[in-house]
Amino acid sequence: MHSLEHPKLACGHLVQFRSDGPSLLGSRCRRCDELYFPAARSCTRCSGNDLEAWPLGSEGLLWSWTIQGYLPKAPYDSGETDADFTPYGVGYVEMPSGIKVESRLTVADPAALRIGMRMALTLEPYRVAPDGEPIFTYAFAPALPAAA
Amino acid sequence: MDDVAIIGIGLHPFGRTDGLSGQAQGAYAVREALADAGVPWEAVGVAYGGSQDAGNADALANLLGLTGIPFVNVANGCATGGSALASVIAAIRSGMAEIGVAVGFDKHPRGAFNPRPADWGLEDWYGQTGLMLTTQFFALKTRRYLHEHGISEDALVRVAQRAYRNGARNPQAWRRRELSFDEIAQSMPVNLPLRKYMFCNPAEGGAALVLCSARAARRYAGKAVLVKAAVVRTRHHGSFEVFSPSLAAHQAPAPTVTASHAAFEQAGVGPGDIDVIQLQDTDSGSELIHMAENGFCAHGEQERLLREGATEIGGRLPINTDGGCLANGEPVGASGLRQVVEICRQLRQEAGARQVPGRPRLGYTHVYGAPGVSAVTILQAG
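Chains as they are written, first to last, in our numbering: chain W, 1 to 148; chain S, 1 to 382.
Here chain S stands alone, though its shape is the one from the complex (with noise of 0.2 Å):
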């Protein structure tokens, strides 16, 4: 199969930006993302993008130029930004056009998510009686994680405070304070084993790539990253998913190891070989799993990888280099696409004090959304 090349990325930092709208900033994303490319928006042939609370991302259209492209909106949770992104790859694989932009966006109400359970074939009261909440099923899976491969909630700190310590050395992150073990560890309930501080907020931000067939990238000005492996996957039945009034008697695979299988092979390539990596945050509990669903770890070697810095930006496996979901928030729409721009940073060396040393080659991206799909990339330095 042709590859592609990333040659344009852009980002409307994250967090809290009172009067600008959600489509303003994932109109700013894509107007960065173009002069990064040095491709003009009436270059662009096709358009995948989505967002879960700020409007249609072809209304983007309205702010950037009305050129009549084909412009798709694209709701998948929070692996929306992955989902418009595969969606650019198979259009220009396919020569339906030469250039393509995958953006994603958002600007969320303040506090947790309150979704409507018809929108999710379920039935009212479970909604009602207050069993349908996100962070409960994190609490969940996280909990019967922790007890079956035998981790401690020690962990669960870890993986925040190194959040927020590379969150604080990246300008464009939300959250940009270090925190310190206790301050995390000791902060309110939320939902058990999770507190406070081990949990994303819904926030705001603008996300956006600019695609072209890796053999036309060096007709433009951008530093091309290639795509090695775009895969959406959905849940099968037995897994533990978002929204699940039962689980089934026998447990499957979740859905992001399927994707994250589908990925290596597709890339040809294997965990070890991967030089940075984005994993899925929403909280600390699933990126613990999320560690070992991609294959990065064996279950239960979590605590002992994260004690010895394997995941911080000089270890081994460096994760979330830009603070994850957990400095930076997360808007639905753009999140996963905002782990796109991380690894090209990672790939084209701008990545400023948060680069990987040793020059990085290969990188990863992982996110996770209701009701249980999941979005991986491995990109490769151009």
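Looking at chain W on its own, in the form it has when it is part of the complex (with noise of 0.2 Å):
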């Protein structure tokens, strides 16, 4: 396991450390509410263009998911060919405020992926970086459920 405490990451101004792990950054428009991920410079919903940084969160529910089948030509950069890509998944997390965030998953298995199962932040090593350390981004694995 990856220490997760001060890693390589690939968009680093998208995640927030906590002392209970990573957390989302994103931006809230101060004159309607409207949340934006990533962060936003102005607003679509009133055309306003005052924004807060706002955290979005580290768990929410799973609204829709895919596999990512085939290597993807660049800008994907994570360094694999077509003889040893691994297929990913993706999806659209719904946060607690509404807001739905595309994420990796950690999961690329049909049979573990389904609409509305809880999800958590986490952070996923993509690709590695030519002095061999690993470059992470952020993605959301399937919840344990909560100890009883």
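Think of the hints as simulated: they come from the structure by calculation, not from any bench. Please note: incorrect hints may appear among the correct ones.
[Stated by the list, open to error] Beta-carbon label-pair distances, calculated as ranges:
1) S/Gly238 / W/Ala74: 25 to 35 Å
2) W/Thr86 / S/Glu42: 51 to 61 Å
3) W/Arg41 / S/Asn62: 48 to 58 Å
4) S/His250 / W/Thr86: 14 to 24 Å
[Said to hold, decoys possible] To spell it out: a stretch of chain S is covered by chain W in this simulated footprint if at least three of its residues, at any positions, have a beta carbon under 8 Å from a beta carbon of chain W; those stretches are:
5) 127–135
6) 320–326
[What the hints assert, rightly or not] Selected chain S positions facing chain W (Cβ under 8 Å, derived; list incomplete):
7) Ser244
8) Pro245
9) Leu247
10) Ala249
11) Pro253
We put the beta carbon where it would ideally sit given N, CA and C, even for glycine.
Mind docking these for me? Both chains are given alone in their own frames, and the hints should help you get the complex.
This is the structure:
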């Protein structure tokens, strides 16, 4: 298991590190309260441009999902080739506020994914830097059932 | 408003044409359309056209003749053809020209598109981490739609099956082999629930139209088809569109819904009046969703209509009689105009083995393009 305390991230500005783990960071329109991910410069709902950073949380429900079955072309930069490509899950996760965040999923097995299941934010290595260090991105994993 | 008529149609067959540039295929389509209209290129007073990957449309003038006309390049994703058409119509209505040409063409590299995030106002990580793929969007929208409306994955297979069945009757289609239910249902998973034979392929081809005011149409040789509506709309905040790192809490209707409403209002007819239909079928799921978004059925009704054969050439709602994008492939710039060419053929009773029976009078076309643009036309036999 990689340390999730100071990983190299492809998208560091999207993730906040809290004592209980990573959390997604977006923005909120101060005029109409609409939420954005990633953080937006202007509000497409009310045309305002006064937005503030806003935590979106780290848990949600799976809203839709697919499995990426072929190696994407550039700008995808996982370093994989057709020979060693591993399909990965992609989904929208509905956060408590109602915003749905698009994300890689740690699971790519159709039998293990269903709409409405609980998902938790994690970080997942998706490529290796030239110096051998893994580069992470945010991802959602099926949440473990709460302890009884 | 003055009606505008399509007096010439032209198509360079879609598929792969090695050794012929996209521009050459576009020019071929224009020459076909001019010959069909009985109009020389020198008589054309305005042209709009576009291509995603095959260069500038106004470079076609180098092949057709440098007559000095305003020739405007259009770039609206898969809605490029519909946007070019709407622009030509507006130009003719405004009195800017008597005769106009709309043209679209393309020549894409093989395999999926690979857009650059910055071109779409997105951050690099979105493409680098493998989330910026159009096929993912179609799959995610389809999965959610099937879930919300209780539709089984069988319906996705039936859409594709009918597309290849119709393509087999179309001498100009790229994919002309009928596929069995199992062949489609068991084909390679591309982005589940969508599989290989449920997706169209980026391809090559050209399509062109010659238009003039309806009043002037009788002066020309071409069989006129009247344009009753040509509408382009973009997305509203909250609609579920391609290249969206997130979706708003409250969903809004797709641009297809607003474009379709506006087109029906402009034409003064309803979905029940339409005799032959072209819907954007980049994939089986999109066609299914577009059936309802364009008002041709209720959400959730699609599976029954497909099973009953309502969408077949002889059915009540004939959809994509030429095989659609699934059988023709998608040269982005040309795709929307191919739909219009097919509807004109149907309304002119020239569709041969795929002719809709009973003299169709009203036809409908719809395209959807990134990042959330829809174009709809309603056409009437002249």
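Hint check, failures only: The structure breaks hints 3, 4, 6 and 11; every other hint is satisfied.
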